[in-house]
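Line order of the protein sequences matches chains H and X.
The first sequence begins at 1 in our numbering and counts up by one.
The second sequence begins at 1 in our numbering and counts up by one.
Hints were generated in silico from the structure; no laboratory data involved.
Every value quoted in this text rests on a predicted model; they were computed, and no experiment measured them.
All residues carry an ideal CB built from backbone N, CA and C; glycine is no exception.
It is possible that part of the hints are untrue.
Derived pair list, reagent style EDC-like, types lysine to aspartate or glutamate, alpha-carbon separation capped at 20 Å [unchecked claim]: (1) X:Lys71 to X:Glu108; (2) X:Lys170 to H:Asp468; (3) X:Lys166 to H:Asp466; (4) X:Lys71 to X:Glu174; (5) X:Lys19 to H:Asp466; (6) X:Lys170 to H:Asp466; (7) H:Lys340 to H:Asp568; (8) H:Lys356 to H:Asp427; (9) X:Lys149 to H:Asp568; (10) H:Lys340 to H:Asp468; (11) H:Lys23 to H:Asp427; (12) X:Lys44 to H:Asp519; (13) H:Lys356 to H:Asp468; (14) X:Lys103 to X:Asp118; (15) X:Lys166 to X:Glu108; (16) X:Lys71 to X:Glu50; (17) X:Lys166 to H:Asp468; (18) X:Lys12 to X:Asp118; (19) X:Lys19 to H:Glu536; (20) X:Lys71 to X:Glu151; (21) X:Lys12 to H:Glu536; (22) X:Lys103 to X:Glu82; (23) X:Lys12 to H:Asp519; (24) X:Lys166 to H:Asp74; (25) H:Lys344 to H:Glu531.
To give an idea of the interface, some chain H residues facing chain X are shown, with a C-beta separation under 7 Å as derived from the structure [what the hints assert, rightly or not]: (26) Leu145; (27) Pro150; (28) Leu151; (29) Val152; (30) His154; (31) Pro155; (32) Asp299; (33) Phe372; (34) Gln385; (35) Gly459; (36) Phe508.
Covered by chain X, according to a simulated footprint, are these stretches of chain H (three or more residues, beta-carbon under 8 Å) [as the list claims (entries may be wrong)]: (37) 46-59; (38) 322-328; (39) 429-437.
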Amino acid sequence: MSSTLTVPIPASPEPAAPAASRKCDTTGLNVCLGAERFIQFNAVAAVVFLLVGGIAAILLALTRWQAVHLLPVDWFYRVLTLHGVNMLLFWILFFEVAVLYFTCTVPLNARLFSRKIAWASFAQMLIGALMVNGIILKGQADVLLTSYLPLVAHPAFYLGIILVATGTLTAVYNFFATLYVARRDRTFEGSMPLVTFGATAAAIIAVVTLLHGAIVMIPTFSYAMGWTAQPDPMWYRMIWWGLGHQSQQVNVCAMVSVWYLIGQLTTGAKPVNETVCRTAFLLYILFINLASAHHLLVDPAVGSAWKIWNTSYAMYLAVLASMIHGFTVPASVELAMREKGHAKGLFGWVTHLPWKNPAFSGALLSLLIFGFIGGITGVTLGTQQINIIAHNTLRITGHFHATVVGGTSLAFMALTYYVIPLIFRRDFIWRSAARAQPWMFGIGILFVSLGMSFAGSLGVPRRIYDIDHSGAFGAAAHLMLGVMGIGALLAVTGLFLFVILCVGTLLFGERNHGRAMADWGVAQALPGSREGSLAEDHWAVKGTIALTAVFLACFAVYYFANWKALADVWPVR
Amino acid sequence: MSLSIPARDWFKPPAGAEKLWIGLALLWCFVMSLMMPYWHFRGKQNSRGEAYAVAPVTFLERTERFAAANKVGERNGVPIAEPAPGGDAYLLGRMWSWYPILKLRQGETYRIHLSALDLQHGFSLQPLNMNFQVLPGYDHVLTLTPTSKGEYTIVCNEFCGIGHDKMFGKIIVE
Ligand code: HEM
Ligand SMILES: [Cu+2]
Ligand SMILES: [Cu+2]
């Protein structure tokens, strides 16, 4: 398996492949058949693991909702482990590999470097994932996603995760080799498109991330086998979070690329300024690498200077990047809408957006939930001292259900409404349900996230089976867990609906070979409007200016409110 | 278009609203990164991560010695220990209890030594909601000044096995 990582790049991608590509009947782009096949495999695997994680999700939520308290205690932690790894690792990673294969081929008119390597990657990831799930369900790995030492799981747990990581690295290798060959063979001229650029940023961060994974998992596996001594638990935490946190930046890069892509597909948006967008991606690569500090802010043996420097990402330059995308994405959509002639007032264009297009509504909700909830809470909770009133409470879980669930996962779902018609070439069944799905999932997760966050503000811990024995939590905390539970019912319904729609379409959807995919509805231009008419008007995006002003105000209020809350607890050094 | 090759001359400096936003965002990032050093020097709540290596058995010995020497009472078989104002106190997390119960005086400052015997645990003081990580092998020192009276519950908020939700401790402030 690791030999694939060291294969030198040969002169030509693969000898004598049969018909290597087809012309897309909707977009006219060339689709590499090898890439298409592996986009399909990885996307299907992703959705299967999403389903597993979703079943786990509802069991968890109905247990944490004290009024229901469904699972017995041992199964709670088992299912929590299952949920964490299936969602955060398997669903996300398989989908991201699909995104990588797409972005390095179709937009560049290129062919996938090697099917063999793609097979090697897929096999490693699948075997690894099955090993992990098997050992968790057998009850021999109740260690949660983070598997903090001195907790130990069965060695198969670590080995499975190592396989998933090397499998993903293998796919990333294939991605870079494809880019290299495309560049060498001049399948395209000039700079790579923005989505490919964003995916490249994701891939670069993924390499750094997965190497951390290897550094921490291999000695832990060896310890679990009884070969070597136990690694230091603090060392483990530091390196593990080099994997755990940085991989979130991979997710952010992938998600932002998807936002740009869907913006174009549904409204014809194009980046207002390519330089700005690309620089923002570059900032992610440059300034993300120390973010594991986020998770160690109230840990022993790491000093204030280290904590402050690293959690501020060298002055928050990666946060800056997200704030830039948070402006440029809506700005590009607004500009496209105004150029189409929808120019009334600040927000007149909003009513003409393609609301019925599930890809659009999904991406929009993803942007709003990620920005307003995930981003603001993330930066605040990751502030060194404020972490004292947040660490390991449900506030943390509330935060990342707004980033990686309401943000990344919802964006990936939204993209699927194009992936299936364009890559699997079947039109969606039950289109009215599909139009509602992003709203169900998005609004559900909003309540999950808010319920968790407020419960956490009242001190309710994350990862705990029961909060009643302690007598420390009152009616308000229970109410908030109820809000989370009700949100979870809605979100999980949305998740199951998504899976039903995908599987149903793959089985029963009408084939669209030889014609354009069934249109979800895109933004319409008014007669007499002209694309590019506002290219020189740098203040045209008034709605976005208003939106981001509101955002900054919310951010500042939340941020300083938390400093105030911190000032109210006991002095501590 | 984000999916297509950009025009050759895509390299342009930001302008107009975009430039303004980048400026504002950068300014905000400055403010946020200055807040942390500011609070480090002026604020009263900081996590400095002061810690010393300690073997779990050694820490257990120290804690037991501390509990015996400072014992002022007992509750359900757990000693209540009252350290001298300004002095050191030891608090041990293990599966699944915090040991011993601490009795502190309002307005006095104590050096609280936190460590774990077996797995990682989470020191979470409720209902104040102050949280610190506790690791075996590390003597994590909090210099703490209780400013309000009452009985506070320590819950564990790092997963530590099947009894994790039943792991409690107490700090009594008078
Ligand atoms: C249907 C939507 C979902 C619901 C209702 C849901 C609900 C929950 C609940 C109740 C917990 C347990 C909180 C605790 O006791 O600490 C949890 C944990 C978690 N969830 Fe979700 N979740 C959903 C989707 C997702 C997705 C899509 C992801 C990732 C992409 C995800 C990632 C996680 C992670 C990483 C944890 C923490 C596991 C741990 O503490 O080890 N969730 N979720
Ligand atoms: Cu514990
Ligand atoms: Cu615990």
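Does the structure break any of the earlier hints, and which numbers would those be? Failing hints, ascending: 5, 7, 10, 12, 13, 14, 15, 16, 18, 23, 26, 29, 30, 31, 33, 36, 37 and 39.
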